[in-house]
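Protein chains in written order, with numbering that gives the first Met the number 0: chain A, 0 to 524; chain B, 0 to 100; chain C, 0 to 107.
For the record, the hints were derived by calculation from the structure and aren't laboratory data. Treat the hints with caution; some may be incorrect.
Computed footprint of chain C on chain A, listed as stretches where at least three residues anywhere in the stretch have a Cβ under 8 angstroms from a Cβ of chain C [stated by the list, open to error]: (1) 186-199; (2) 343-357; (3) 389-403.
Even for Gly, the Cβ is constructed at its ideal location relative to N, Cα and C.
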Amino acid sequence: MKEGFRQAMAWLHTWTGLIFGWLLFAIFLTGTLSYFKEEITHWSQPEVRSHALDPVHSLEVAQRYLQDNAGHSGTWFIRMPNEREAALSVGYRDAKGGPRGFVSKNLDTQTGQPVEARDSRGGEFFYRFHFQLQMPYPFGRWLSTFCAFIMLLGLVTGIITHKKIFKEFFTFRPGKGQRSWLDGHNAIGVLVLPFHLMISYSSLVLFMYMVMPAGIMASYGNDTDKYFNDLFGRNDAPKVANVATPLVPLPSLYAQVQALQPGARIGNIQVQNPGDSNARVTFTQSAADHVAYRRSANWTFDGASGALLSQGKPESGAMMTAFSFAGLHMGNFAGPWLRWLYFFFGVSGTAVIGTGLVMWLGKRQLKHAKSERLPGELRLVEVLNIASMSGLLLAVAGFFWANRLIPMGVEGRADWEINTFFIAWGLSLVHAVLRSGRRAWGEQLALGALAFALLPLLNGLATGQGLNHSVRVGDWAMAGFDLTALGTGLFLAWLAGKMLRRPKPVAKRPSRAAKKPSTETAEAS
Amino acid sequence: MTRKTAGLPLSYRLAVASRSLAALLGGYLLASLASVCIALVAPLPQVDATLTGLLLSFVFYLLAFIWCFACRSAWRAWLGVLAPSLLLGLISAIAYWMKNP
Amino acid sequence: MLGIALMAFAGFVALCLAMEKHFSDLLGRKPRPGQLRLLRAAGWLLLLVSLMLGVNLRGWAHGLVEWTAVVMAGVTLWVFGLPYQPRLLLGLAAASLVLGPLLAVFAV
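The following block holds chain A by itself, in its conformation from the complex (with noise of 0.2 angstroms):
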């Protein structure tokens, strides 16, 4: 029985891991992307500049434009600048301006006046992505959650499947076909487990409310809003007095939340009725401060008198629970070194599935080595193999590109950006159609190689910001872009010469591959 179990368990994670490995592929890739968004957006708009930090010059600044320019809006955002984050960013409800009622910009500190910066989404894009799959909402969401499951699903099979995870806990054993394939995959899950366990199951954690809805209703009843309302200790907003009454300097608010908690770096302010006798101010500590969400890590004060009128409610147990996970999915809280290594670790994640989907194919090409071509639901795994794998990666650099060449007034430009990844990605599908896969594999590899690698050389044709200048400068996240772009391309560059180089394997002992030796993955087939 102990044997049926495990291999049933190595069934459903092969074929779980197939059908969703192409999009759970893409959501980790650009899910890796997203712990550099901030980053990313910085080279994105090389226009924002940054500036010495000077939280309390910034909230001058910002309520200085929004007093000017926002005075008639019930409702002002601010989120200040950070080491990652260069623009402050001012925003407002306003019914006539902007999409869905609310108007954003970036302002320059030195300046007060906003800064006209390139139209993109930059690092936002692969973010929402991530999660949105640009899907219509909620559909994608769902669909991304899902898949999260699924990816939950699959280490947990896996780990029921490898029956030697503690005596080949160290083993990797490269050179050696598909052998090394799968030492490659089981190493860089087990190795790498902690985090791949936390990111899948916290993802689930993120969007809960949504895809678990019936605790939350059959608890509430039709009063879901105040499960939420509980959850995040939200005051009901202020009513409007209609009397005209100045708004107290922000600073003099930032000033008390310095006593109150010394050291806090601040994420947002929120300003309901300025310039109302009923102004309410929430100082909202940044995410950057703890490893959890903390609800209790946020100030209201009166606008108009200046008083502290309350703090967030302390968290329950299960509360830090849940936001441990989600504070831990998104890593706000990661200084630079930490921050390198999330990357990494979703990197290792990204390759346990691709790893995984090469090897699905790579298995049951060995069986039809001799034959002309692929029976068709196998070539249909490899083009989608390819297309989800180095297509993907060609649309990333086709974003990057598209960025630095639409010229800066045209209308649409970013949404422009975002076309030129989805037609890179498209030609990318239809290329691995019209070619033999190995072939498909080396060309697409080849030409993102190049794309990546003359990133910097773009960047710095482009726009001046090239290495010469931001490393002389010390603007380490221009930098970064640029130096990761170039270690891309020269990885790619190794990985398609190993397959434009090599002549076509042949099946070397057939009859060992038809044996079937008794493999912790043997599946029936």
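Assemble the complex: chain A is given as a structure, and chains B and C must be docked to it using the hints.
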């Protein structure tokens, strides 16, 4: 070409489809009812009980999936998700009526 | 945190060497039974101490997260580097055994 891949019997394919549905739909039912049950029964403040129910629901979904493909037949798959669902549903119903008389 | 990372790295290497197959492959000789047990104990001890130092330095939240991260990074470097540069990695492990505690105790 041998009948290797095309030769899977229809009964096998139907069994796999049935197990898949049991896992996907039955498992979701089980997970939902587990979260409902925990939300209504756990001796915690309302928001915390609901939260705990949500957090643990996915464990039930995971176990349901594993059961549906590990058990001996597709019938047992359905039984293994529907029977506990029924039990959890009953407990939830009793707890609900006790809270809202 | 670097000292803690190095100690954890040395700990995992010790656990690896505590397996007879890896001991023979890497050190080129057969281990005495006592040696394997000693390596296993030393390995777990190094991991435990590095964890305690990590939590002491950075608190429970940041400490646990960072410790787990450096452990995963270290063991990945070991496993994927081993087929290519076994001697270099063994040297790194030996150096970690000395540098790790030094950095952990004296540096911030």
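Tell me if chain C covers the region 186-199 of chain A under the three-residue, 8 angstroms CB rule, please?
Three-residue rule met by the region 186-199 of chain A, so holds; n is 6.
Given as covered by chain C, does the region 343-357 of chain A meet the bar of three residues or more with CB within less than 8 angstroms?
holds (count 3)
Are there at least three residues in the region 389-403 of chain A whose beta carbon sits under 8 angstroms from a beta carbon of chain C?
Violated - the region 389-403 of chain A has 0 residues with a Cβ nearer than 8 angstroms to chain C, which falls short of three.
In this structure, the one hint that does not hold is number 3.
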